[in-house]
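Q: Chains as they are written, first to last, in our numbering: chain E, 6 to 117; chain G, 223 to 338.
Calculated from the structure, these hints are not laboratory results.
Here the structure is a predicted model, which means the values were calculated and not measured.
A hint or two may mislead.
As a list, the in silico DSS-like pairs of lysine-lysine whose alpha-carbon atoms are at most 30 Å apart [to be verified]: (1) 61(E) to 76(E); (2) 292(G) to 47(E); (3) 42(E) to 231(G); (4) 104(E) to 292(G); (5) 279(G) to 47(E); (6) 231(G) to 76(E).
If you only want the chain G side, here are some residues facing chain E, beta carbon under 8 Å, derived [said to hold, decoys possible]: (7) 241; (8) 267; (9) 316; (10) 326; (11) 332.
The beta-carbon is built from N, C-alpha and C at its ideal position, and this holds for glycine as well.
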Amino acid sequence: GESVGLHLPTLSVQEGDNSIINCAYSNSASDYFIWYKQESGKGPQFIIDIRSNMDKRQGQRVTVLLNKTVKHLSLQIAATQPGDSAVYFCAENRGGYNKLIFGAGTRLAVHP
Amino acid sequence: NAGVTQTPKFRVLKTGQSMTLLCAQDMNHEYMYWYRQDPGMGLRLIHYSVGEGTTAKGEVPDGYNVSRLKKQNFLLGLESAAPSQTSVYFCASTLTLQGARTDTQYFGPGTRLTVL
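The shape of chain E in the complex, shown without the other chains:
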């Protein structure tokens, strides 16, 4: 079925390096995506979103890239910090009452 998924279950990086978390989607009609961060024992927290009429969107230390040709999006975190350690989810907003379809998540581990 149609789904949103992630390439890597775990990503380990050194503090100060840049991190890239990837996500693939299968529904070519998808036009709105959101990245969430989930820390241990907490609910998901909104990071950044992007619509299909954009290829790139930047926030504070984060950038989301969308490649509609290959149905892929990525979350880039600059100068990764220990506080960035968490599970990151991409989610697709499939219209109609703002419902979200989540990918399985990638765990980001930041080492000093």
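Chain E is already provided as a structure; the job is to place chain G on it using the hints.
A: For chain G alone, kept in the frame of chain E given last:
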């Protein structure tokens, strides 16, 4: 503002028991959602509500019932708990006026439920 709160934080049930999870939000949000999260997986939508007195099924509604008697509260019920319902349950809400799709969903801290 407290945001989205969930009660209880933890619960252990025996198979066949019933319980109700409470979600409350103080942001005057119109839409509310219940998700479950199983180990190593993303969140899956159980039920949702687009306003007081209205509810609808999500992706995995079987074994659950919901009610939205007050705008600020969204209740999730398990009538006869099963081990397969062992999970972490998250509630979320969003403002969403006039069907806007870009409103952020705000999540509660979750309820960890174990069914023995």
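Q: For a C-alpha distance cap of 30 Å, please report whether residue 42(E) and residue 231(G) respect it.
A: holds (20 Å)
Q: Residue 267(G) was flagged as interface toward chain E. Is the shortest Cβ-Cβ separation under 8 Å?
A: holds (6 Å)
Q: Hint check: residue 292(G) vs residue 47(E), CA-CA at most 30 Å. Holds or violated?
A: Distance of about 25 Å is within 30 Å: holds.
Q: Was the hint right that residue 316(G) lines chain E, CB cutoff 8 Å?
A: Holds - the Cβ of residue 316(G) comes within 8 Å of chain E, reaching about 5 Å at its closest.
Q: Does residue 104(E) pair with residue 292(G) here, judged by a C-alpha cut-off of 30 Å?
A: holds (21 Å)
Q: For the pair we were handed, residue 61(E) and residue 76(E), check the Cα-Cα distance against 30 Å.
A: holds (14 Å)
Q: Below or equal to 30 Å on CA atoms is what counts here, so check residue 231(G) against residue 76(E).
A: violated (38 Å)
Q: Is the hint on residue 332(G) kept, meaning its closest Cβ partner in chain E is under 8 Å away?
A: holds (6 Å)
Q: Please check whether residue 326(G) passes as an interface residue: C-beta within 8 Å of a C-beta belonging to chain E.
A: Holds, about 5 Å.
Q: Holds or violated: are the alpha carbons of residue 279(G) and residue 47(E) at most 30 Å from each other?
A: holds (25 Å)
Q: How about residue 241(G): closest beta carbon in chain E under 8 Å, or not?
A: violated (20 Å)
Taken one by one, the earlier hints fail for this structure at numbers 6, 7, listed in ascending order.
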